[in-house]
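**Student:** As a plain string of letters, each chain reads:
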Amino acid sequence: MFSPADLATLPFDDWVNAFVRGWLVPNFRPTFRAAQVPVSAVLAGLDWFFRWMPMLVTTAAFALVAWRTAGRATAIITVLGFAFIDMIGLWNHTMTTLAMIVTSVLFCTVIGIPAGILAARSDRAWRVIRPVLDIMQTIPSFVYLVPIVMLFGVGMAPGIIATIIFALPPIVRLTNLGIRNVRADLIEAAEAFGSTPWQMLWDLQLPLAMRTIMAGLNQTLMLALSMVVIAALIGAGGLGLVVNTGLGRLDVGGATAGGVAIVILAIVLDRITQGIADGAGLRGLSLRQAVMNLLRLRGTAPGAEAQKAG
Amino acid sequence: MQPKLSVENLYKVFGNDASRALALLREGKGKREILEATGATVGVQDVSFQVDEGEIFVVMGLSGSGKSTLVRMLNGLIPPTAGRVLIDGEDVAAADTARLRGIRREKIAMVFQHFALFPHWTIAENVAYGLKVRGMPESARRERALAVLGQVGLEPWADSMPSDLSGGMQQRVGLARGLAADPDILLMDEPFGALDPLIRRDMQAELLDLQKTLRKTIVFITHDLNEAILLGNRIAIMKDGCVVQIGTAQEIVTAPADDYVAAFVADIDRGRVFTADDVSSEPITIQLRDTPVREALRLMEKHGSQALYVMDGKRVAGVVTYRDLAACEMDASTPSPTIRSTLITDYPTASTDTQLSALYGPAGSGLPIAVTDDNDRLVAVVEPNAVLSHLSGEAETDSPDGQSAEQKEGADVQPR
Chain L
6 MFSPADLATL PFDDWVNAFV RGWLVPNFRP TFRAAQVPVS AVLAGLDWFF
56 RWMPMLVTTA AFALVAWRTA GRATAIITVL GFAFIDMIGL WNHTMTTLAM
106 IVTSVLFCTV IGIPAGILAA RSDRAWRVIR PVLDIMQTIP SFVYLVPIVM
156 LFGVGMAPGI IATIIFALPP IVRLTNLGIR NVRADLIEAA EAFGSTPWQM
206 LWDLQLPLAM RTIMAGLNQT LMLALSMVVI AALIGAGGLG LVVNTGLGRL
256 DVGGATAGGV AIVILAIVLD RITQGIADGA GLRGLSLRQA VMNLLRLRGT
306 APGAEAQKAG
Chain Y
132 MQPKLSVENL YKVFGNDASR ALALLREGKG KREILEATGA TVGVQDVSFQ
182 VDEGEIFVVM GLSGSGKSTL VRMLNGLIPP TAGRVLIDGE DVAAADTARL
232 RGIRREKIAM VFQHFALFPH WTIAENVAYG LKVRGMPESA RRERALAVLG
282 QVGLEPWADS MPSDLSGGMQ QRVGLARGLA ADPDILLMDE PFGALDPLIR
332 RDMQAELLDL QKTLRKTIVF ITHDLNEAIL LGNRIAIMKD GCVVQIGTAQ
382 EIVTAPADDY VAAFVADIDR GRVFTADDVS SEPITIQLRD TPVREALRLM
432 EKHGSQALYV MDGKRVAGVV TYRDLAACEM DASTPSPTIR STLITDYPTA
482 STDTQLSALY GPAGSGLPIA VTDDNDRLVA VVEPNAVLSH LSGEAETDSP
532 DGQSAEQKEG ADVQPR
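Chains as they are written, first to last, in this note's numbering: chain L, 6 to 315; chain Y, 132 to 547.
Simulated from the structure, these hints should not be mistaken for laboratory data.
We treat Cβ as the ideally placed atom computed from N, Cα and C, and that holds for glycine.
Don't take every hint at face value.
[Claimed, not checked] Some, not all, of what chain Y presents toward chain L, calculated at C-beta under 8 angstroms:
(1) N206
(2) G233
(3) R235
(4) R236
(5) A240
(6) M241
(7) F243
(8) H251
(9) G261
[Unchecked claim] Rough simulated footprint, nothing fancy, chain Y against chain L, three-plus residues with beta-carbon under 8 angstroms:
(10) 183 to 196
(11) 207 to 220
[Said to hold, decoys possible] If you only want the chain L side, here are some residues facing chain Y, beta carbon under 10 angstroms, derived:
(12) G199
(13) T201
(14) S231
(15) T250
This is chain L alone, in the form it adopts within the complex (with noise of 0.2 angstroms):
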């Protein structure tokens, strides 16, 4: 039976080979170990800010944060959460990880949420921006660690790279769909008040959008965590760490209360964001709020239709 590979074999691993050790890491080695000091530096300072803070202090940072933002239950799994993770041995590497994650997440926000708003502004924009981000969420993150490993070397900050390329895309794709769908009437009432693309962009666009952006927000900072463990096979520390040794020595004790680390922090880091972003939303009128809101509101509504009447 005949088929293509009869014609001509490509050797495309050769290709890629030869372009990525031949071309890339000996002339870009540098520029990219230079990349990574913003983000060595920012991983550096927060990993020791969060190492430093006594575990009691952080913990009633948190829950007070998930109170105002998430309500009590949330305050409350906050609390019972994080004194498991103490009482398991794994405070410190937690908040290792935890300086990951919020450097990958303050990084991805930095990139994501301007090239989103380019995306939203620009259908040229959008139709560069969006394959890119299609490749980004499909191609197995085993695949890019290498080719980061010979340009960034092994480290944290190699990892925190990774994570950043896994875990941008939803943070653009929801900007971008967020300015997107702010009501076209409310851009025309704008630019009939001959308001400046920036002004449009301060006052309406991005206020509006902020409770997608949040949820994409929220997505990124999941798709962060879920990346840890991977990020550690290039040296990345924190709980990664602790999930591997375990895997390596077939210790499943150690793996699993690695794991239960990173569950219990998932949630905290959720429920919070989750909390932020519904608070966006309330001024921004999403439907499931303004329902919320009707039921909570039932008692004093009466009055509110008899202010409205006079």
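We have chain L; now place chain Y onto it with these hints.
**Tutor:** Frame of chain L; chain Y shown alone:
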């Protein structure tokens, strides 16, 4: 005097092949032919009009007539394909982006059908939007916003959110936002279209009230001819992207340019189009003094009228009717009676700009209605018959037949 806003041969063609479509259009091809030939849709074709300062100019048309496209070309939200839009002699269509922004900030504001209030801002912040865009400092902005909110009666709601307000109130905010920047021209795109009929009527009255003091140049878009007639100093009627007639309400109702306009006008409440001035006639009067009844009767018989206004010097003293006078004349108990004994002092009055619809009640009394000027002088009278015959649309022929009475009835019950 230079008109405030002047539109000259304005065209809008939607589609990629606009210039070819425009050429075909100028050759006199129809909308459909052009759509088939080029795939382009004609939105507005060859519209020209002028709006004077302080005038309410209403553009009336059904959906798809191009009126919304037209109004958006006036402030450049939709760039025209051809033609000029001159504001104080400056062509909006030719302005660059920065200049266009300047025109929108300083000269022309807009009120939208669905209010388009910013949901994340308070009412005061919404109203101050145009000022914020201009870069006015916050405290000055708020002060101005509160002043304008006071004008539309919403000052207590300054710190509420738009979602807390009813539709009518939201549109007041929309209007206040338009007024806050103190523009010369206000574009109103079916501003009351989304409101309940009762609220709409309130808003119309309020707009007219505000306009008395503000004297803005207003371009008002509506699909409701009654609204157009109520508000418009002049009205342009649009159909399929063309203006088919421009004129005052009276001109359009009395002389529709074509069948399309005539069909609209047929349903119109004529009582709101015409005023006492349109139906009044020269008053026949008699001096009070000691005029004998007989003389008054003779005068009425001569003019074929049923009642007569009685003057005391230059002042109206009252009205006498033929029936009363005749009865008085027959009554033998008073020899040589004067008209003083049958004088009716409780007579109906109106001013020259009273709407015809407001004369239905007075006309029902059967007495002629005295039309007086500001100094209470009698300038004309309206015969009850004239009111009815004018409503039927046959002012000149003095005989309301069955068909026209039916038409009047139809006009009365039509919902507004």
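**Student:** Hint validation: T250(L) versus chain Y, beta carbon distance must be below 10 angstroms. Holds or violated?
**Tutor:** It is violated, given that the least Cβ distance between T250(L) and chain Y is near 49 angstroms, above 10 angstroms.
**Student:** G233(Y) was flagged as interface toward chain L. Is the shortest Cβ-Cβ separation under 8 angstroms?
**Tutor:** holds, 7 angstroms
**Student:** Holds or violated: the hint that N206(Y) contacts chain L, with Cβ atoms closer than 8 angstroms.
**Tutor:** holds, 6 angstroms
**Student:** Quick check: do three or more residues in the region 183 to 196 of chain L have a beta carbon closer than 8 angstroms to a beta carbon of chain Y?
**Tutor:** Check passed, 7 qualifying residues.
**Student:** If you take the shortest Cβ to Cβ gap from T201(L) to chain Y, is it below 10 angstroms?
**Tutor:** Holds. Min distance 7 angstroms.
**Student:** Taking the least C-beta to C-beta distance, is G261(Y) closer than 8 angstroms to chain L?
**Tutor:** holds, 4 angstroms
**Student:** Mind taking a look at whether chain Y covers the region 207 to 220 of chain L? Criterion is 3 or more residues with CB to CB distance under 8 angstroms.
**Tutor:** Holds: 4 residues of the region 207 to 220 of chain L have a Cβ under 8 angstroms from chain Y.
**Student:** Hint check: is the beta carbon of S231(L) less than 10 angstroms from a beta carbon of chain Y?
**Tutor:** This hint is violated: S231(L) lies away from chain Y, its Cβ roughly 33 angstroms from the closest one there, beyond 10 angstroms.
**Student:** Can we keep the M241(Y) interface hint, with Cβ of chain L closer than 8 angstroms?
**Tutor:** Constraint on M241(Y) satisfied, holds at 4 angstroms.
**Student:** Per the CB criterion, is H251(Y) less than 8 angstroms away from chain L?
**Tutor:** holds, 4 angstroms
**Student:** Tell me if R236(Y) is really an interface residue toward chain L, meaning its C-beta lies closer than 8 angstroms to one of theirs.
**Tutor:** Since chain L brings a Cβ to about 4 angstroms from R236(Y), closer than 8 angstroms, the hint holds.
**Student:** Would the hint on A240(Y) stand, with a C-beta cut-off of 8 angstroms toward chain L?
**Tutor:** With Cβ-Cβ at 7 angstroms, under 8 angstroms, it holds.
Comparing the model with each earlier hint shows violations of hints 14 and 15; every other hint is respected.
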